[in-house]
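Colleague: So the sequences go chain by chain: A and B. Counting from 1, one number per residue, gives the positions in the first sequence under full-length UniProt numbering. Counting from 1, one number per residue, gives the positions in the second sequence under full-length UniProt numbering.
It is possible that some hints are incorrect.
What the hints assert, rightly or not - EDC-like, lysine to aspartate or glutamate: derived pairs with alpha carbons at most 20 Å apart:
1. A:K65 x A:E330
2. A:K271 x A:E114
3. B:K65 x A:E114
4. A:K271 x B:D2
5. A:K65 x A:D90
6. B:K271 x B:E292
7. B:K222 x B:D127
8. B:K65 x B:D189
9. B:K222 x B:D189
10. B:K271 x A:E9
11. B:K271 x A:D50
12. A:K65 x B:D2
13. A:K65 x A:E161
14. A:K271 x B:D14
15. A:K222 x A:E241
16. A:K31 x A:D14
17. B:K222 x B:E9
18. A:K271 x A:D50
19. A:K222 x A:E109
20. B:K65 x B:D50
21. A:K31 x B:D14
22. B:K65 x B:E241
23. A:K222 x A:E114
24. B:K222 x B:E51
25. A:K31 x B:E9
26. B:K31 x A:E9
27. B:K65 x B:D246
28. A:K222 x A:D164
29. A:K222 x A:E47
30. B:K31 x A:D14
Treat the hints as calculated values from the structure; they're not laboratory data.
Protein chains: 2
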Amino acid sequence: MDAAPTVGELTPPDRTLMGPGPSDVHPRVLKAMSTPLVGHLDPSFIEIMDEVQNLLRYTFRTDNKWTIPVSGTGSAAMEAAIGNVVEPGDTMLVPTNGYFGDRMASMAERAGGEVVTVDAPWGQPLDPAAVEAAFDEHSPDVFGFVHAETSTGVLQPSVPELTDIAHANDALVIADSVTSLGGVELRVDEWGIDVAYSGPQKCLSCPPGASPLTLNDDAMDKVLSRESEARSWYLDISLLEGYWGDERAYHHTAPITNVYALREALRLVAKGIEERWDRHLRVAGALKAGVEGMGLEMNAPDDFWLPSLNTVRVPDGVDDGAVIQYLLDEYDLEIASGLGALEGDIWRIGCMGHSARRQNVSYLLAALGNALGEQGAAIDVDAGLAAMSERF
Amino acid sequence: MDAAPTVGELTPPDRTLMGPGPSDVHPRVLKAMSTPLVGHLDPSFIEIMDEVQNLLRYTFRTDNKWTIPVSGTGSAAMEAAIGNVVEPGDTMLVPTNGYFGDRMASMAERAGGEVVTVDAPWGQPLDPAAVEAAFDEHSPDVFGFVHAETSTGVLQPSVPELTDIAHANDALVIADSVTSLGGVELRVDEWGIDVAYSGPQKCLSCPPGASPLTLNDDAMDKVLSRESEARSWYLDISLLEGYWGDERAYHHTAPITNVYALREALRLVAKGIEERWDRHLRVAGALKAGVEGMGLEMNAPDDFWLPSLNTVRVPDGVDDGAVIQYLLDEYDLEIASGLGALEGDIWRIGCMGHSARRQNVSYLLAALGNALGEQGAAIDVDAGLAAMSERF
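So here's chain A without its partners, still in its complex pose (with noise of 0.2 Å):
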C-alpha cells in the first residue's frame, strides 16, 4: 500500500430507512453529531454524562443509578450486560424463538455461563407456562428475553408474569429492548427488569455508537462482588463505573459524539415517551392497514404485533430480494430480508423513531406497491393506501 489510495468526497445516497436499523436519524440528532468536541473528563462533559443518564432514565422508565450509554453498538451493551451478569458456572435461561436468544446464548457461554432454553416458535412469544417450566426443570440463575424481537416482529407480552417467575426463583432478568426502547411501552421498574440494554440506532433514531444500558441494585450487587472479573476489560461494568459513577476516574475515551448526539435524540425522547409509543402505534398501525388492505398477510400474530419492526410474508411467487433491490434503486428506500429461519419467508418493515412518521409509511406503501406490481404480485395497492389514509 504504497500510494495513497485516491477516494472523493463522501456523497452516499439519499435514502429512506424502513429496515430494522438505523432509522432515519433526526435533523437535530445529525447537527448535533458535528459539533466540535471536548474532553471526556472536561467538567463540561461531566455535566453532559449527567443529564444522558437523567435522560436515559427517564426513557427506560427507572430509577436505577446505574444507567449509562456503552461505548459502542448495541450489541456491545448486550454483551455488557451479558458479559458482567453471567459469572463462570452460572446458568443462563434464553428464548429461542428468534435469532437474538442464540446471540445471547453465544454470549453467555463465552462468559464461562452454562445456557439452558425455552421454547416457543419463531414468529410466538415466550409463554410464562413454558418459563416456569424451565425455571423448574433448570433452576437457571439468569433469564434472558427479548421484549421486541426483531427477526420476528413479536412483541412479548406479560412482561412482569416472566420477571415474577424469575425472581421467585432467585434469578436475575435481563431484557433485550433493542427494538422498544423509545417506541413501544416498556417500564423496567414497575416490571420487574433487572438489566435491561438497547441500541441508538432503533426507536431513539441516532446513529449507532453509544448504547443505552440500565442495571438495577440486585444486578449490580452480583457484578461487584464477582469472584473472577468479567472476561471484557473494555465492557467490565465494575471500572465503567469508575468513570460513570461518582469518582469519574479514566477508564477508555468516551465516544464523545455519539454521547453529544445520544442526548439530542433523547432530549426529543423527553417532549413526551407516551406520546411517543402512542405515535409509534398509531403511524405503524396506518402502515400495518396499508400493507393488509393490499392483500398482504403480516408475519406476527396480532396479538404480539410490534409496531416498530413489521414482518410482512412473502407472497407466493415473489422474490423477496428483488423487491428488496427495486425499493433501494427506485426509491432510495430500505427494507430488509427476513434473518435466520425466516430468510426468504419476509420482509421486515422498520417504523422506529423518525421513521415513525406519516411521511415514511406513505411513500413505503406507495413504492412498495409498485415493487410488487413489478413482480406480478396480485395485490391491491389503492386498497392499501385507503386503508393507510383512514388511519393517518
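Following the hints, position chain B against chain A.
Modeller: Chain B alone, transformed into the frame defined by chain A:
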C-alpha cells in the same frame, strides 16, 4: 424517574484540545459526522467500507487484508487484538514502562493468558537486550509493546529489532500505536509488526468510536484456528471477518457515522503520510523548543521524544492541577495531568492531527506561560516564544 428531565440545548465550551486526546477535529470531519445515514448493509456502505479499509492500509503502511475499524474506542481495538490473539494457556509478554502495558496485561489475563513482563523504568523505552532476556526466560507466545506511550511521552525506537527477536522465538507481535498512527513514522509491514491497533481521536483527529486494527496473515491464521472461541462475541475477529471480509454478512450494526468520519479523517492523511509525519515533527519541535526555552524540562529523554505527546515536568512549587484548571477556565485550553506513576509530576501536552498546527502551539505556549506566571514560577516566557518562532 416519572417526569421528563429538563435538558437544554447542547452548548459545550469551545475548547482547544492539546491533551492526550481527543485532539481538535478537522472541520471536514465534523461535517462528515452530520451526513445522513445509509444502512450498514447498503451497497453504498459496502463501498465506503472498502475505501476505509484501503485508507487504513495506507495509513498503517501495510498490505494486510485484515485491516478494519473496530466498532468502539481505541481500547476496543486493543481488546480485539489481545482477546483474539491470546488464547487460554498462551503466555503474553508485556512492558512495564508505562500505563498501557498494565492494560495489556489485564486484557491478556481476562483472555485466559498468562502474563510475564519485560521491565524498563517509566519514561524509558524497552531495551532490545531486556526483551531478548525475557524471551529466553519465559518463551512467550505473544509480545506486546507500546510504540508511543501516552503516559510517559516516550517513543519506542528500533521496532524492527524487537520484532526480529519475537519472530526468532516464534511469537507474534502486537503493537499499540494509539498515539502514533498518522502522526509519527510507523511502518507495519516493513517493521514486521503482526498486529497493530490505534484510536481515531489522537493523530487522526477524528471523534472516537471506530478504531483502526490490522492483522497480518500469521496473526489471522492463529485467530482463525483457535481451539476455543474468543471470549467476546462483540470483538470476535473471526465473526467480524464475515462482515468486513468477502461475505458481508450481518454481525452487528456498524457505527456508520463514525466510519464516515474516519473515512474523511483518513482522506486528509492520504494527502501524504510522510509529510504528515514531518508536520508533526516540525510543529511539535517548535512546541518542545518553546517549552524548553521557557526553562521547563521535558520528561522524556530527547532520543525517545514522542512528538505527538509531550510530557513536561511540573516545576518545583507549582500545583499541576491549578495550571490545568487555569488554562481551561481562562483559555478554554485542555492539557492533561500525569497518569499512573507520573501523576502530579508532569503535564501531558498533545500535538496531534489537527491540533498539530502552529496556531495551537503558539496559543498553548502563550497561555501556559501566563498560567505559570500566575503560579509564580520562575520561567522566561519571552525566551520560550522566541525559541518556538524560530522553528516556525
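Colleague: Confirm or reject each hint.
Modeller: Hint check:
With a C-alpha separation of about 48 Å, the suggested pairing of K65 (chain A) with E330 (chain A) is violated against the 20 Å cut-off. For the proposed pair K271 (chain A) and E114 (chain A), the alpha carbon gap of about 42 Å is over 20 Å, so the pair is violated. Between K65 (chain B) and E114 (chain A), the direct Cα distance comes to roughly 36 Å. Violation of the 20 Å bound is thereby established for this hinted pair. A distance of roughly 13 Å separates the Cα atoms of K271 (chain A) and D2 (chain B); the hinted pair therefore holds under the 20 Å criterion.
Using a Cα cut-off of 20 Å, the hinted pair K65 (chain A) and D90 (chain A) is violated, with the two alpha carbons roughly 25 Å apart. At roughly 32 Å between alpha-carbon atoms, K271 (chain B) and E292 (chain B) are farther apart than 20 Å, so this suggested pair is violated. For a cut-off of 20 Å, the pair hint linking K222 (chain B) to D127 (chain B) is broken: about 27 Å separates their Cα positions. Annotation: proposed proximity of K65 (chain B) to D189 (chain B) holds, straight-line Cα distance about 12 Å (limit 20 Å).
Under the criterion of a C-alpha separation no larger than 20 Å, the hint pairing K222 (chain B) with D189 (chain B) is consistent with the structure, at around 18 Å. The hinted pair formed by K271 (chain B) and E9 (chain A) meets the criterion: a straight-line CA distance of about 13 Å does not exceed 20 Å. With a C-alpha separation of about 40 Å, the suggested pair K271 (chain B) and D50 (chain A) falls outside the 20 Å cut-off, and the hint is violated. At most 20 Å may separate the alpha-carbon atoms for a hinted pair to count; K65 (chain A) and D2 (chain B) meet this at roughly 15 Å.
Our distance criterion of 20 Å between C-alpha atoms is broken by K65 (chain A) and E161 (chain A), whose separation comes to about 24 Å. For the hint pairing K271 (chain A) with D14 (chain B), the CA-to-CA distance comes to about 28 Å; that exceeds 20 Å, so the pair is violated. Distance hint between K222 (chain A) and E241 (chain A) is fulfilled; the C-alpha atoms sit about 14 Å from each other, no more than 20 Å. Among the hinted pairs, K31 (chain A) with D14 (chain A) is consistent with the structure: their alpha-carbon atoms are about 16 Å apart, no more than 20 Å.
Restraint check for K222 (chain B) and E9 (chain B): not satisfied, since their Cα atoms lie roughly 49 Å apart, outside the 20 Å limit. For the proposed pair K271 (chain A) and D50 (chain A), the alpha carbon gap of about 18 Å is at most 20 Å, so the pair holds. Distance check on the hinted pair: K222 (chain A) and E109 (chain A) sit about 18 Å apart at the alpha-carbon level, within 20 Å; holds. Of the supplied pair hints, the one linking K65 (chain B) and D50 (chain B) holds, its CA atoms being roughly 11 Å apart against a limit of 20 Å.
Proximity of K31 (chain A) to D14 (chain B) is assessed by CA-CA distance (about 16 Å); at most 20 Å being required, the pair is judged to hold. Between the alpha carbons of K65 (chain B) and E241 (chain B) the distance comes to roughly 10 Å, so the proposed pair stays at or under 20 Å and holds. Of the supplied pair hints, the one linking K222 (chain A) and E114 (chain A) holds, its CA atoms being roughly 17 Å apart against a limit of 20 Å. A threshold of 20 Å between alpha carbons decides the hint, and for K222 (chain B) with E51 (chain B) the separation of about 26 Å lies outside it, so the pair is violated.
About 12 Å separates the Cα atoms of K31 (chain A) and E9 (chain B), which keeps this hinted pair within 20 Å; it holds. As the CA atoms of K31 (chain B) and E9 (chain A) are separated by approximately 12 Å, the hinted pair is consistent with the 20 Å bound. Distance hint between K65 (chain B) and D246 (chain B) is fulfilled; the C-alpha atoms sit about 11 Å from each other, no more than 20 Å. Between K222 (chain A) and D164 (chain A), the direct Cα distance comes to roughly 19 Å. Compliance with the 20 Å bound is thereby established for this hinted pair.
Between K222 (chain A) and E47 (chain A) the CA atoms are separated by roughly 28 Å; this puts the pair beyond 20 Å, and the hint is violated. A distance of roughly 16 Å separates the Cα atoms of K31 (chain B) and D14 (chain A); the hinted pair therefore holds under the 20 Å criterion.
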